[in-house]
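*Asks:* Sequence:
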Amino acid sequence: MWVLVFFDLPTETLTERKVATRFRKQLLDDGFTMFQFSIYMRFCASRENAAVHIKRTKMNLPKKGKVCIMQITDKQFGMMELFYGKKEVAPKPVSQQLELF
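Numbering follows the working numbering, with no gaps: position 36 of the sequence shown is 36.
For the record, the hints were derived by calculation from the structure and aren't laboratory data. A few of these clues could be false.
To be verified - In the BS3-like style, the derived pairs of lysine-lysine whose C-alpha atoms are separated by at most 27 Å in a straight line are:
1) K63 to K25
2) K75 to K87
3) K55 to K75
4) K75 to K86
5) K66 to K25
6) K25 to K64
7) K64 to K18
8) K18 to K66
9) K25 to K58
10) K55 to K25
11) K63 to K18
12) K55 to K66
13) K75 to K58
Build the full structure now, drawing on both the sequences and the hints.
*Replies:* The following block contains the structure:
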C-alpha cells in the first residue's frame, strides 16, 4: 500500500513559506519521501499502517492551501511510468524499511 500526498500551498509571504516548509518537514519526519516538489509518498505494509500515517498528515494540515491524500496498491504503483524528458526510466527500488513494534 502506498500513500501519496499532493499539495499546493501558498508561499507568497514569509509566514506562508514557513508553514509550507513545516508541512513538508513533517511529511519527511513521518517517513515520506519527495517524489516531486509538492508530491510526497510513503510505502505502508498494511491498510492499518496507512491509516496511521494518513491520520498524522491530517493532524498537520495547514490552514490554507490544497492537500490531497491518495492510497494506491503496490501493483498500481508498479504500473507507473516515469520519464525524464522523453527518456523512460525504471523507478528506483524501494529500500527495505524495518518496522519495530
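*Asks:* Look at each hint and say if it fits the structure.
*Replies:* Tested hints:
Taking the CA atoms of K63 and K25, the gap is near 16 Å; set against the 27 Å cutoff, the hint holds. Between K75 and K87 the alpha-carbon distance is near 23 Å, which keeps this suggested pair within the 27 Å criterion. Restraint check: the Cα-Cα separation between K55 and K75 comes to about 23 Å, which is no more than 27 Å; the hinted pair holds. Between K75 and K86, the direct Cα distance comes to roughly 24 Å. Compliance with the 27 Å bound is thereby established for this hinted pair.
About 17 Å separates the Cα atoms of K66 and K25, which keeps this hinted pair within 27 Å; it holds. A threshold of 27 Å between alpha carbons decides the hint, and for K25 with K64 the separation of about 17 Å falls inside it, so the pair holds. Straight-line distance between C-alpha atoms of K64 and K18 comes to about 12 Å, which keeps the hinted pair within the 27 Å bound. Between K18 and K66 the alpha-carbon distance is near 16 Å, which keeps this suggested pair within the 27 Å criterion.
Restraint check for K25 and K58: satisfied, since their Cα atoms lie roughly 14 Å apart, inside the 27 Å limit. Of the supplied pair hints, the one linking K55 and K25 holds, its CA atoms being roughly 16 Å apart against a limit of 27 Å. About 13 Å separates the Cα atoms of K63 and K18, which keeps this hinted pair within 27 Å; it holds. Of the supplied pair hints, the one linking K55 and K66 holds, its CA atoms being roughly 17 Å apart against a limit of 27 Å.
The straight-line distance between the Cα atoms of K75 and K58 is roughly 25 Å, inside the 27 Å bound, and the hint therefore holds.
Comparing the model with each earlier hint shows no violations; every hint is respected.
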